[in-house]
Amino acid sequence: MLSILRSFRAPVLALATSLVIACSSSTPSTPATGTEPTSDAGATADPTDTPDGSTSGTMHTVNVSDFAYEPAKLKIAVGDTVRWVWTDGTHTVTEGTNCTKKAGGFDSARHTAAFTYEHTFDAAGTFDYFCDYREHCTMMGQVGRVEVAP
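For what it's worth, the working numbering labels the leading residue of the sequence shown as 7, then goes sequentially.
The set of hints was computed from the structure by calculation and includes no laboratory data. Some hints here could point you the wrong way.
[Stated by the list, open to error] FRET-style restraints, in silico, Cβ to Cβ:
1) T96 - D134: 18 to 24 angstroms
2) R140 - A83: 32 to 38 angstroms
3) M145 - K108: 18 to 24 angstroms
4) T106 - A78: 17 to 23 angstroms
5) S71 - P156: 30 to 36 angstroms
6) A119 - A78: 19 to 25 angstroms
7) A78 - T122: 17 to 23 angstroms
A virtual CB, placed ideally from N, CA and C, is assigned to each residue, including glycine.
Assemble the whole structure, with the sequences as input and the hints as a guide.
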């Protein structure tokens, strides 16, 4: 029985190695024309596809780490979406000024592990936000701003 199992070992290892190599090698994609970021440095932007295949706005990414939002200030257009991404730590993305929540404003709620929160801005204006966890806003200055142009 042991000799039968050993006879399968080499072909199985070869197949597994082939699959790992095939799955890990990929060709980097090139962004399509017109998808350049419209946000400040450090953010990424991608068009947002709708069910009918049209582009409805741009997706902007803000990284959340080390008691900061990167970039802290973002300029976007009406209809664009901002995606806040944190890989660790406990944070929120809470609309408001002076570390005070805005009634009816957007709020990611508190998350203690890797998390992604998205919000689409449907109106022009200036939207301040902060981290509403412990002293992240008041003591660490974890605040951000999204300026939405018509």
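Next on the checklist: To test your reading of the hints: which numbers does this structure violate?
Outcome noted: none
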